[in-house]
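Required output: the full structure, derived from the provided sequences and hints.
Chains as they are written, first to last, in this note's numbering: chain S, 623 to 954; chain E, 29 to 399.
The reader is advised that the hints may include incorrect statements.
To be verified - Simulated pairs of lysine-lysine, DSSO-like, Cα-Cα distance not exceeding 30 Å: (1) Lys307(E) x Lys662(S); (2) Lys230(E) x Lys662(S); (3) Lys128(E) x Lys662(S); (4) Lys894(S) x Lys376(E); (5) Lys230(E) x Lys762(S); (6) Lys235(E) x Lys266(E); (7) Lys662(S) x Lys316(E); (8) Lys316(E) x Lys128(E); (9) Lys894(S) x Lys881(S).
Don't read these hints as lab results, they were simulated from the structure.
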Amino acid sequence: MSTQQAKTQNLTLVQAVRDGLKCEMERDDDVIVLGEDVGKNGGVFRATEGLYDEFGEDRVIDTPLAESGIVGTSIGMAAYGLRPVPEIQFSGFMYPAFDQIVSHAARLRSRSRGRFTCPMVVRAPYGGGIRAPEHHAESKEAIYVHEAGLKVVIPSTPYDTKGLLAASIRDPDPVIFLEPKLIYRAFRDEVPEESYTVELGEAATRREGDDISIFTWGAMTRPTLEAAESVAEDGIDCEVIDMRTLSPMDTDAIIDSFKKTGRAVIVHEAPKTGGLAGEITATIQENALYYQEAPINRVTGFDVPYPLYALEDYYLPENTRIEDAIRETYEA
Amino acid sequence: MSTSGYEMRQVLTEDGSVVEGATVPELDDETLVEMYRTMRLARHFDSRAVSLQRQGRMGTYPPLSGQEGAQVGSAMALETDDWLVPSYREHAASYIRGVKLSQTLQYWMGDERGNSVPGANIFPVAVPIATQVLHATGAAWASKLSGGENAFLCHFGDGATSEGDFHEGLNFAGVFDVPAVFFCNNNQWAISVPRERQTASKTLAQKANAYGFEGVLVDGMDPLAVYQVTDEALEKAKDPEAVGDDGPGRATRPTLIEAVQYRFGAHTTADDPSVYREKDEVERWKRKDPIPRLETFLRDRGILDSEAIGSIETAIEDEVATAIETVESIERPMPAEMFDAVYAERTKRLDEQATYLEQLRERYGDDELLE
Numbered sequence: 623m624s625t626q627q628a629k630t631q632n633l634t635l636v637q638a639v640r641d642g643l644k645c646e647m648e649r650d651d652d653v654i655v656l657g658e659d660v661g662k663n664g665g666v667f668r669a670t671e672g673l674y675d676e677f678g679e680d681r682v683i684d685t686p687l688a689e690s691g692i693v694g695t696s697i698g699m700a701a702y703g704l705r706p707v708p709e710i711q712f713s714g715f716m717y718p719a720f721d722q723i724v725s726h727a728a729r730l731r732s733r734s735r736g737r738f739t740c741p742m743v744v745r746a747p748y749g750g751g752i753r754a755p756e757h758h759a760e761s762k763e764a765i766y767v768h769e770a771g772l773k774v775v776i777p778s779t780p781y782d783t784k785g786l787l788a789a790s791i792r793d794p795d796p797v798i799f800l801e802p803k804l805i806y807r808a809f810r811d812e813v814p815e816e817s818y819t820v821e822l823g824e825a826a827t828r829r830e831g832d833d834i835s836i837f838t839w840g841a842m843t844r845p846t847l848e849a850a851e852s853v854a855e856d857g858i859d860c861e862v863i864d865m866r867t868l869s870p871m872d873t874d875a876i877i878d879s880f881k882k883t884g885r886a887v888i889v890h891e892a893p894k895t896g897g898l899a900g901e902i903t904a905t906i907q908e909n910a911l912y913y914q915e916a917p918i919n920r921v922t923g924f925d926v927p928y929p930l931y932a933l934e935d936y937y938l939p940e941n942t943r944i945e946d947a948i949r950e951t952y953e954a
Numbered sequence: 029m030s031t032s033g034y035e036m037r038q039v040l041t042e043d044g045s046v047v048e049g050a051t052v053p054e055l056d057d058e059t060l061v062e063m064y065r066t067m068r069l070a071r072h073f074d075s076r077a078v079s080l081q082r083q084g085r086m087g088t089y090p091p092l093s094g095q096e097g098a099q100v101g102s103a104m105a106l107e108t109d110d111w112l113v114p115s116y117r118e119h120a121a122s123y124i125r126g127v128k129l130s131q132t133l134q135y136w137m138g139d140e141r142g143n144s145v146p147g148a149n150i151f152p153v154a155v156p157i158a159t160q161v162l163h164a165t166g167a168a169w170a171s172k173l174s175g176g177e178n179a180f181l182c183h184f185g186d187g188a189t190s191e192g193d194f195h196e197g198l199n200f201a202g203v204f205d206v207p208a209v210f211f212c213n214n215n216q217w218a219i220s221v222p223r224e225r226q227t228a229s230k231t232l233a234q235k236a237n238a239y240g241f242e243g244v245l246v247d248g249m250d251p252l253a254v255y256q257v258t259d260e261a262l263e264k265a266k267d268p269e270a271v272g273d274d275g276p277g278r279a280t281r282p283t284l285i286e287a288v289q290y291r292f293g294a295h296t297t298a299d300d301p302s303v304y305r306e307k308d309e310v311e312r313w314k315r316k317d318p319i320p321r322l323e324t325f326l327r328d329r330g331i332l333d334s335e336a337i338g339s340i341e342t343a344i345e346d347e348v349a350t351a352i353e354t355v356e357s358i359e360r361p362m363p364a365e366m367f368d369a370v371y372a373e374r375t376k377r378l379d380e381q382a383t384y385l386e387q388l389r390e391r392y393g394d395d396e397l398l399e
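Right, dumping it as structure tokens:
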């Protein structure tokens, strides 16, 4: 960003998605948006509102209802020189496209030894807490992190959303860009009007502290920060790190913070078993075991199919559960 | 009417008289009145459900208004041993299969127990598009392999025909000649995407050709025609002697029915159709409304009069009101329930997690825990 005072707009996270798409489409004619209801309707969350009118039906494309079709054709487009940004309406509907994502998008560079690449960004809203119907609330980022060749990004602020989306679109490799729909409209940020990027692979320290490191991302960042403020009243000083990019993961940020505090809590809404809290814990064990002063605590969703909304508040980590884990780790 | 060689099957004209040359299905008066009553019930239920959502008493809900003729006409053609494999909008068809209105509400109120209907021959609601098509084929195949003599009716929308699962489901059905009827509720819109954008084909019915079995085009807002074509397709599905010499391939049992219809309302209560379609279009389709069409037919035949209709109205209002009272008086599910049905037996990890949640509830109380 320039050192001059940049013009800003006060945007929600979903508006920042839209603004990020708009800026990248203005910047690069190869960027196109495609998916179900992204055109005339402007997206079911209005993430592509107005883009159809601005850029026309050849760059903002309403497709047939077929996720494998959307992602598979995007791979072909990307291999042929475009920069497609397919939208999957909810991350719970990614699975028909899963074969295309893991068998092709993730490996196209590797298996053609660089002749073909896949500069594609698959956008999808993810996560719970909005009283949505079945399959509309899951948090399955770990599945994509497990796939070599994919990058996985989850923003937690409007500012980061625009910058990370721009970085993802300009990235030479495929990115799964998961948007925390719980906070699509929860708060606003000053977002520069001009185009800018937020580097992929860099975590952000949201709160500095000396006692406990808390690693989180997406919609869990806010309750985690609230819990950190709440325990601060009792003299527990938490460092809150928003991972932002889950693949490649900023392991330096994890290790540096842990070496300082010797205690860690990891918060994610995905189920516990096989979740990324395990990966972060292993990273700490491998690199900073001798700094450890307490068992590492995981605050996560449960190992159950995401419940319908009558029970989702019990499923999702929230302030009290996070606070409980922080105190336990502090006192251990 | 003819579309690309497919005759649009109709029994009732838009104004409710019998189409010249059409055969009226042989249904007794009682059944015809039940058809009418169920359609009225569904329409009233639908408007109440939308209100419940607006009042914050229910979550997102997919309305069915306009599609009663297709749902009721097709589901009434099922015999006791047959099965319904629905998508997520089949509240009326599900009711006919034995799902209580209160259970449908319970499901959309975010309570998994609404999806559990022991004893009724119906699969659970399928939200991901077209996925249930394969289940219908599989279940029908299993029935055939085990010597069953029943049939499977699978509902899905026009958008679903674009999914790979639709293709695979119908292809398997043809190859293994299973007793399944694939019933496409072509309501013209997959959220904001019009039917024309799903496929370059003139009809959806013609897709059956490629799978080696018959496709049928029917006016989906004509409940009598829908009943008739579904009944014929179910009969054919169950008949191992059926000969398909004049069909497009060697499969004799399966059928694809395209029921042409319109969703009067939004895709779900989270959708605003005024963004993507014209009012005029909605008004045009409302002239095909299945309810007044059947009502006129029944009045003309002297089967129904204003008095009888009045008592039907009162009865359905009571039935829906009772369903709402029932569901709202059910205690919300206990948190422990989410751990119970994951596996036949709870794993050690799930036990630990359930215990952890109960300890948190004891320590903090639900109010603080969920704030």
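How the hints compare with the structure:
1. Lys307(E) x Lys662(S): holds (16 Å)
2. Lys230(E) x Lys662(S): Within the cut-off at roughly 23 Å; holds.
3. Lys128(E) x Lys662(S): violated (38 Å)
4. Lys894(S) x Lys376(E): holds (14 Å)
5. Lys230(E) x Lys762(S): Violated, because 39 Å separates the two Cα atoms, which is more than 30 Å.
6. Lys235(E) x Lys266(E): Cα-Cα ~22 Å, so holds.
7. Lys662(S) x Lys316(E): Measuring from Cα to Cα gives roughly 27 Å; hence the hint holds.
8. Lys316(E) x Lys128(E): holds (28 Å)
9. Lys894(S) x Lys881(S): holds (24 Å)
In the structure shown, a violation is registered for the earlier hints numbered 3 and 5, in ascending order.
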